[in-house]
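**Q** Got chain A; can you put chain B on it based on the hints?
Protein chains: 2
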Amino acid sequence: MAVFSGPLQALIDELGRLPGIGPKSAQRITFHLLKVAPEDALRLSEAIVAVKERITLCTRCFNVAEGGLCAVCLDERRDGTKLCVVEDPRDIASVEKTGEYSGRYHVLQGALNPIEGIGPEQLRVRELLVRVEDESVTEVILCTNPNLEGETTAMYLARLLGPMGLTVTRIASGLPVGGDLEYADELTLGRALEGRRVIEA
Amino acid sequence: MAVFSGPLQALIDELGRLPGIGPKSAQRITFHLLKVAPEDALRLSEAIVAVKERITLCTRCFNVAEGGLCAVCLDERRDGTKLCVVEDPRDIASVEKTGEYSGRYHVLQGALNPIEGIGPEQLRVRELLVRVEDESVTEVILCTNPNLEGETTAMYLARLLGPMGLTVTRIASGLPVGGDLEYADELTLGRALEGRRVIEA
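In order, the protein sequence lines correspond to chains A and B. Following my numbering, the numbering of the first sequence begins with 26 at its first residue and continues without gaps. Following my numbering, the numbering of the second sequence begins with 26 at its first residue and continues without gaps.
Just to be clear, a hint being listed does not mean it is correct.
Claimed, not checked - Example chain B residues on the side facing chain A (calculated, C-beta under 7 Å, incomplete):
{"no.": "1", "residue": "Ser30"}
{"no.": "2", "residue": "Gln34"}
{"no.": "3", "residue": "Leu43"}
{"no.": "4", "residue": "Leu69"}
{"no.": "5", "residue": "Lys77"}
Hints listed in this document are in silico derivations from the structure and should not be mistaken for laboratory results. In this text the structure is predicted, and so the values were computed from the model without any measurement. Built from N, CA and C at the ideal position, the CB exists for glycine as well.
The following block holds chain A by itself, in its conformation from the complex (with noise of 0.2 Å):
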C-alpha cells in the first residue's frame, strides 16, 4: 500500500495540482474532506462547477463577470474618466478595498514577458487603445505589479498612451505605511527617495 486506494489518490493527485498545494497539503484536506458532512464537500465540488459554467470575462473591460458586463462597467455612478490598468482581476479587488479609487478599470490579463513569450498581443492591449479613445477617459492609471514584467508592461504602454492626449500615470513605488527603514531594500528605499513629496504644513 505505498499509495492510497484509488478516489483517495485521484483527490490528493487533482489537489497536489492547485497552486500553493504540495503533496501534504493535498493529503490534509483530502482527509479533512473525509470527516466533513458530506453536504459540506458537495458544496465545495458544486462552488467548482458554479464557477466554470457562470463566470465569464466581461466584454468591455476584461474583469470576471456573470455573462455579459461586470459589476463595475455596469455601475452607473462609476467615474468613466479614470481607467485603471490592472494585470489581474484580482488586483481589482485589491484596488477597491483602498476606497480611493472610483473609475473603472481595464485587465489586461497578464504582464509582458518575453522570456515567456508574452506580448502585447497576448495582452488585452489593443482593446485598452480601442477604450482610450472610443470612452471619454482623461486619466490613465498604469496599476500593474511593481515588479520587473509589471514596470516593463507601464513603461510599454505609456510610451504608447502617452501621444494620445491624456494623462497617464503611475502608482507610487516607496515603503510600505507601517515599514521600517532598516528593513527596506535599497530599490524601494531609493523609489521611496525619488517620488518625495512636499509636506504641507
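**A** Relative to chain A, chain B alone:
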C-alpha cells in the same frame, strides 16, 4: 464591489474552509480554476464527490477502505501477530513508506484529549481490545504521535494491554536522522540519551 461576484465568492468561501488554506490562497486557487480547462476543474469536482461516495472505514481496523475491509486487512501476506496502533489513517501511509513493517494496523481515529472532550469512548479503543483478544496478536506497537496527546494515549493503552499477556512496545523518540545536536530541544535530546542502545561491534 467589496467582494467578488456570487459564484466566485462562493468558491473562495468554500476553499477557505479547508485546513491550511487562508483567504489569499483560496482566492488564488479560485482564479487558477477559472483559467484551467473546464475538464480539469470538473475532474477535481468529481474527485471530491467520488471520495465521499466510495471511501468508507475498514470494518476491522478503521483504516480508509472502499467498502468492507481495507487493503492491508485484505492482504493475506500480512503478519497477523503484530498490530501497529496509529491515530489516523494517514499515519499508516507514513509507516508503510519506511518498509520496516509487515504487520496489521489499528486506527484509533484520534488521541485522548480531555480538553476537547475526547476520551476512550470517542476512540476505537474497545475495538482494539476485542481484536487483541480475538486475533492471534503477540505484539502491539503503540505508534501514536510523540506529543502530549499521543503519549497520554500510548500510556493509557499500555496500561490496558499490559495485563493481557502480550508484548506492548512504543516507537522510539530521539534525534531525527540527519539532525544536529545543536538544534535539538532538550526534551528530545533527553529522550535520545534515555533510549541509547549498545553498539555491537
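**Q** Each of the hints needs a verdict: does it hold here or not?
**A** Consistency of the hints with the structure:
The interface hint given for B/Ser30 holds, since its Cβ lies 6 Å from the closest Cβ of chain A, which is under the 7 Å cut-off. Look at B/Gln34: its Cβ only gets to about 10 Å from chain A, farther than 7 Å, so that hint breaks. Interface hint status for B/Leu43: upheld, as the beta-carbon distance to the closest one in chain A is roughly 5 Å, under 7 Å. For the restraint placing B/Leu69 at the interface with chain A, the shortest Cβ-Cβ distance is roughly 4 Å, inside the 7 Å limit, so the hint holds.
Interface hint status for B/Lys77: upheld, as the beta-carbon distance to the closest one in chain A is roughly 5 Å, under 7 Å.
Violation of the numbered hints given earlier is confined to hint 2; every other hint is satisfied by the structure.
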